[in-house]
Amino acid sequence: MARFGIVTFPGSNCDHDAYHAVKHVLGEDATFVWHQDTDLSALDVVVLPGGFSYGDYLRSGAIARFSPVMDAVVDFANAGGLVLGVCNGFQVLCEAGLLPGTLTRNNSLRFVCKPTAVRVERIDAPFTTQYAPGQVLSLPVAHGEGRYVADDATLNALESNNQVLFRYTDADGRMTDAANPNGSMRNIAGICNEARNVLGLMPHPERHVELLLGSDDGRPLFESLRASVNDAVPTSAA
Amino acid sequence: MSDSDSPTPTSLPNAPETTPEQAIEHGLTEEEYTWIVDHLGRTPTFVELGIYSVMWSEHCSYKNSLALLKTLPNEGPALLVAAGEENAGLVGIGEGLGVAFKVESHNHPSAVAPYQGAATGVGGIHRDIFTMGARPIAALNSLRFGSLESDRVRYLLDGVVRGIGDYGNSFGVPTVAGDVYFDDAYEGNPLVNAMSVGLVKEDAIASAAPQHTGSVVYIVGASTGRDGIHGATFASEEISEESEDKRPSVQVGDPFTEKLLLEATLEAIDVGVVEAIQDMGAAGITSSSFEMSASGGCGMELHLDRVPVRESQMTPYEIMLSESQERMLVVCDPDDADQLVDVYARWDLHAERIGTITDGTNVQLYWNETLVADLDARHLDSGSGAPVYERETKRPAYLETTRAFHPDEVADCTPDTATDMLHTLLAAPNIASKRWVFEQYDTMVRTNTVVGPGPSDAAVIRIKGTDRGLALKTDCNGRYVYLNPRKGAEIAVCESARNVVCAGGKPVAITNCLNFGNPYKPEVYWTFAEAIKGMGNACTALGTPVTGGNVSFYNEHPDGAVYPTPTIGMVGRVDDLHTQPTTAAVQTPGDRLFLLHPDGQAYPNDIDGSEYLATVHEQIAGDAPRLVLDEEVAVQQAMRTLINTGTVQHAHDVSDGGLAACLAESALHGNCGMDITLSIPEDVRADAVLFGEAQSRIVFSVAEDHEPAIQEAIQDIEGVSATPIGTVCGNEFRITWAGITWVEAPLHTLRAAHENTLPNAMNAEQRTAA
Chain W
1 MARFGIVTFP
11 GSNCDHDAYH
21 AVKHVLGEDA
31 TFVWHQDTDL
41 SALDVVVLPG
51 GFSYGDYLRS
61 GAIARFSPVM
71 DAVVDFANAG
81 GLVLGVCNGF
91 QVLCEAGLLP
101 GTLTRNNSLR
111 FVCKPTAVRV
121 ERIDAPFTTQ
131 YAPGQVLSLP
141 VAHGEGRYVA
151 DDATLNALES
161 NNQVLFRYTD
171 ADGRMTDAAN
181 PNGSMRNIAG
191 ICNEARNVLG
201 LMPHPERHVE
211 LLLGSDDGRP
221 LFESLRASVN
231 DAVPTSAA
Chain E
1 MSDSDSPTPT
11 SLPNAPETTP
21 EQAIEHGLTE
31 EEYTWIVDHL
41 GRTPTFVELG
51 IYSVMWSEHC
61 SYKNSLALLK
71 TLPNEGPALL
81 VAAGEENAGL
91 VGIGEGLGVA
101 FKVESHNHPS
111 AVAPYQGAAT
121 GVGGIHRDIF
131 TMGARPIAAL
141 NSLRFGSLES
151 DRVRYLLDGV
161 VRGIGDYGNS
171 FGVPTVAGDV
181 YFDDAYEGNP
191 LVNAMSVGLV
201 KEDAIASAAP
211 QHTGSVVYIV
221 GASTGRDGIH
231 GATFASEEIS
241 EESEDKRPSV
251 QVGDPFTEKL
261 LLEATLEAID
271 VGVVEAIQDM
281 GAAGITSSSF
291 EMSASGGCGM
301 ELHLDRVPVR
311 ESQMTPYEIM
321 LSESQERMLV
331 VCDPDDADQL
341 VDVYARWDLH
351 AERIGTITDG
361 TNVQLYWNET
371 LVADLDARHL
381 DSGSGAPVYE
391 RETKRPAYLE
401 TTRAFHPDEV
411 ADCTPDTATD
421 MLHTLLAAPN
431 IASKRWVFEQ
441 YDTMVRTNTV
451 VGPGPSDAAV
461 IRIKGTDRGL
471 ALKTDCNGRY
481 VYLNPRKGAE
491 IAVCESARNV
501 VCAGGKPVAI
511 TNCLNFGNPY
521 KPEVYWTFAE
531 AIKGMGNACT
541 ALGTPVTGGN
551 VSFYNEHPDG
561 AVYPTPTIGM
571 VGRVDDLHTQ
581 PTTAAVQTPG
591 DRLFLLHPDG
601 QAYPNDIDGS
611 EYLATVHEQI
621 AGDAPRLVLD
631 EEVAVQQAMR
641 TLINTGTVQH
651 AHDVSDGGLA
661 ACLAESALHG
671 NCGMDITLSI
681 PEDVRADAVL
691 FGEAQSRIVF
701 SVAEDHEPAI
711 QEAIQDIEGV
721 SATPIGTVCG
731 NEFRITWAGI
741 TWVEAPLHTL
751 RAAHENTLPN
761 AMNAEQRTAA
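If you're matching them up, the sequences are chains W and E in order. Residue numbers are given in UniProt numbering: position 219 of the first sequence equals residue 219, and the series is strictly consecutive. Residue numbers are given in UniProt numbering: position 530 of the second sequence equals residue 530, and the series is strictly consecutive.
Heads up, some of the hints might be wrong.
Claimed, not checked - FRET-style restraints, in silico, Cβ to Cβ: (1) E:731 to W:133: 29 to 35 Å; (2) W:78 to E:202: 45 to 51 Å; (3) E:152 to W:78: 37 to 43 Å.
Unchecked claim - A short list of chain E residues far from chain W (calculated; beta carbon distances all over 10 Å): (4) 16; (5) 70; (6) 211; (7) 442; (8) 450; (9) 533; (10) 537.
Quick caveat, the hints were computed from the structure, so don't treat them as lab data. Since the structure is predicted, the reported quantities are computational estimates derived from the model, not experimental observations. Glycine residues also receive a C-beta, built at the ideal position from the N, C-alpha and C atoms.
One chain only, chain W, in its complex shape:
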């Protein structure tokens, strides 16, 4: 069974949603990790959930990255551990230097919450193996600061290393301005690091894991993580 740890910063508010998705929908092992904890050794996957860590009164994620747990997350990632940052978690990963670029105010200057169409760009990362290449997903966004910004060199490097895993498109998979909910450069919705074990994305896969709530398009992301963990660590129970 894959062991997911979900970090709770003061102000996290999607921690229970990630927990529910992993524990009750996928049936995997999930625990909460307090922001002052520093031992992640019992985990296969660390999830930095959405929310407003420390109120996000400064810059989103700017305070959370100094939480004691973040030193441990950096070590965990550098040792090849799987790290998923959703929304505020993506912002924290950028602030912590685990992912390049940054997330700025939406170009509308307003918070936006709605389902968006998101295209799967690569299926060769441990987060996306259970998708089809080019598959268009319905995943909700809910953020005020989700516009992905980086300099050209960084963007070009992301593209050439195939680190862009998700982009905002229309329902037919076309990259248009209208389909971009926040003005992200190159319609980027989610990127991984060069080693491909750290993913940050603004849309919320944990919100779309049950048909009762409109879609289960986010579920294969968690199933990909499970598959990756199970492939890497054969357990006696399996």
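Dock chain E against the given chain W, drawing on the hints supplied.
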């Protein structure tokens, strides 16, 4: 009275002298001040005067509404606490679960400081819910503004929506439903009513009543500052030119601290270290301490110098009257105190011991060693010691004019004009899509939103770990209440219940927020009294008791009172989440459309009070639309029966904009056209058919082969018919009768009309501002 061995409380040397003039300045009447002096047998201290002024303010004491509120039906098998006994209503929904819910106004703060006013309204109502041990799972809001064409209104709308969004989004509770209306009547005095719904295990409900003498009193959460002093008094007077000066009476919200307070408080209740707890809303420490003392029948000794403050040199008067947000008063057993402090410390929050529970019924306040107030809580509490008035009533003169209206005064629509009129109505701010508003709210956090805002008459929220859910809605058409307060209030209750039914729920109970003008004006008070009667009638008919709520008087500005607006927050139960939730979006081409209606009342000849009359003919006139309570009950029962057959594809009630708007909205939500053929009696006006707002009518659809089954399902329900009216098909929207095509339009033009109004108005605003 205080114990004989207690010293007499004194004002601090630097406090102003207490005089009758001071009392009037504080919003008390001369008679009330005289009563206080007589009752105490002495002049109150300055702190005591402050306490009386807020506890006896309209906002806290309900002094001008309580007598009438007591006439509302407040009993029912689902109720777990009686109305007014705890911070919010509480109903059982089975499986050992209770739902706590309440709606409250933050109108005056929002009028002068829209962002903070709305934000703290949201924060305040959530605290009312989690102080009962319930975790908030959904928020709703009911908003009223002046004309969207006004710069000031767009500024207010922008600020209110941002305030609600920023607070709720950060706090992490989804905003799932609500209603927004625009009318000149709300110019200068917008209404911002926020509702919170929480879930609690029936055996884990927290109480506001302390149990034991010797228990210790803690103030937890944020520190106390000078913000919001006299907010409750400000809320109890009319908005005027000077109101801008009252901006310091508006509190400043901090959703991050509230989130910590929520988690810490629920944890403290869960581990069993909370004997009693009361949130601090209006009137801050004053109301929480006196209300706890009154509800527990106990005394309380508080040392105000121990309260953590944000600024030095704060006086006991300021500390007692501060409305700083995100604070709670917690009573616990001395043996549990360390654990209580630990829980709050883990969430980086203060928990400061400021006093103890004592014998007797007095609240005694100390500043260092000086007793600065000593008052019997029973004499300050709403409904016991606080004054209760029934005001003079007079039927308003304007009703003579509005009731004199006859439809013949306005030209009927024609086959040449009806299509344009439908576009006009779909684009009218009251009917137009509110997407611009609700996309700024996180509608999905906590992953329970089965149906959110947009394509449904009510929101549906699941309860994790069960097959159950809740259907939730706020509603009130203030224009109807203005035209006929009693029937208008009946409609507000019926429509919110009908919305819940259309979404697949069974209406259980309501909370209300009664927004009216100055109760000392007899014409205003008449509308209040009439609306209470109507609300009571409808709640009795529908079996939905009133669990509590909030009264907001003095919603006036120099040009007059707002429409009387008794906002209803309806909570319904969904017993089977897998089959019952139903939206207003048509599903499949070929489905058959039906109009469910009282027998013989498919197309009443009624344009009274309609959006059509207001928008197309610019008349606020006539009676409220047709409503007969028995018919309404039967129609709702029929709709629930139909949904329970599992065949209903969509359901949407006929309301603002009439049948044509109802059909067009469902076509747009489902992105599929309709071909409608009606059978209309000869003497009925075409505008009444298309745009009339007669109540108790619902459009629904089923697959073609289910048609016989639905007629069979409702054959035993007396007085209700389901009349076939057409088919879901294509990309065109068409309504015909008597061989004439009255409305014909492609979906995309209807969509443009429906979607563009708010973005066009508000995004242009943003460009100007930037």
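Each hint tested on the structure:
A beta carbon spacing of about 33 Å between residue 731 (chain E) and residue 133 (chain W) agrees with the range 29 to 35 Å that was offered as a hint. In this structure, residue 78 (chain W) and residue 202 (chain E) meet the distance hint of 45 to 51 Å, their C-beta atoms being roughly 49 Å apart. Checked against the hint of 37 to 43 Å, the pair residue 152 (chain E) and residue 78 (chain W) fails, with Cβ atoms roughly 55 Å apart. Once the 10 Å rule is applied to beta carbons, residue 16 (chain E) is consistent with being away from chain W; the minimum gap is 37 Å.
No beta-carbon of chain W is positioned within 10 Å of the beta-carbon of residue 70 (chain E); the least distance is around 39 Å. Listed as a non-interface residue, residue 211 (chain E) keeps its Cβ farther than 10 Å from every Cβ of chain W; the least gap is roughly 32 Å. For residue 442 (chain E), the non-interface assignment is contradicted: its Cβ lies about 5 Å from the closest Cβ of chain W, within the 10 Å cut-off. At roughly 6 Å from the closest C-beta of chain W, the C-beta of residue 450 (chain E) falls inside 10 Å, breaking its exclusion from the interface.
At roughly 40 Å, the least C-beta separation between residue 533 (chain E) and chain W is larger than 10 Å, which holds for a residue marked as non-interface. For residue 537 (chain E), the shortest C-beta to C-beta distance to chain W comes to about 37 Å, beyond the 10 Å cut-off, and the non-interface label holds.
Figure legend: structure checked against the earlier numbered hints; hints not met, in rising order: 3, 7 and 8.
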